[in-house]
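Asker: Given these sequences and hints, build the entire structure.
The sequence shown lines up with residues 79 to 179 when you count with the numbering used here.
Pair ranges (Cβ atoms, derived): (1) Lys84 <-> Ile128: 22 to 32 Å; (2) Arg85 <-> Leu156: 53 to 63 Å; (3) Glu137 <-> Glu91: 22 to 32 Å; (4) Glu159 <-> Phe136: 33 to 43 Å.
Dumping the calculated DSSO-like pairs for lysine-lysine here, alpha-carbon to alpha-carbon at most 30 Å: (5) Lys83 <-> Lys105; (6) Lys133 <-> Lys102; (7) Lys133 <-> Lys93; (8) Lys133 <-> Lys105; (9) Lys125 <-> Lys84; (10) Lys125 <-> Lys95; (11) Lys84 <-> Lys95; (12) Lys105 <-> Lys95; (13) Lys83 <-> Lys95; (14) Lys105 <-> Lys126.
None of these hints come from the bench; they were simulated from the model.
All figures in this text were calculated on a predicted structure; none of them were measured in a lab.
Beta carbons are placed, not taken as given, at the ideal position from N, Cα and C, and that holds for glycine.
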Amino acid sequence: MSETKKRKVHSAEFKAKVGLEAVKEMKTINEIGQEYGVHPAQVRQWKKAIQEQAKSLFEGKRGPSPKPVPEHQDPERLYSEVGKLKMELDWLKKKSGISLP
79 MSETKKRKVH
89 SAEFKAKVGL
99 EAVKEMKTIN
109 EIGQEYGVHP
119 AQVRQWKKAI
129 QEQAKSLFEG
139 KRGPSPKPVP
149 EHQDPERLYS
159 EVGKLKMELD
169 WLKKKSGISL
179 P
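Answerer: Structure, rendered in structure tokens:
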């Protein structure tokens, strides 16, 4: 009977360690794969993932961002909404012929 191999599940810490070593390029991908018992293709994938996601680490780090104002607390938006509703009400009153006090 043939033995079935179980997949190895590597932790994120392990993947980061191997991937960062590949990014450093002090050793070849094959050497790193042999050292850690991982296929070179997997090492390449982890290296690529680190390189692609590295820029997101520094996005938006220019100080505290202003807190967004909730919609119900934005006075300009509320005043414009009130004005719009008043205009619609006046138009409806005019078209229907109803005069309310």
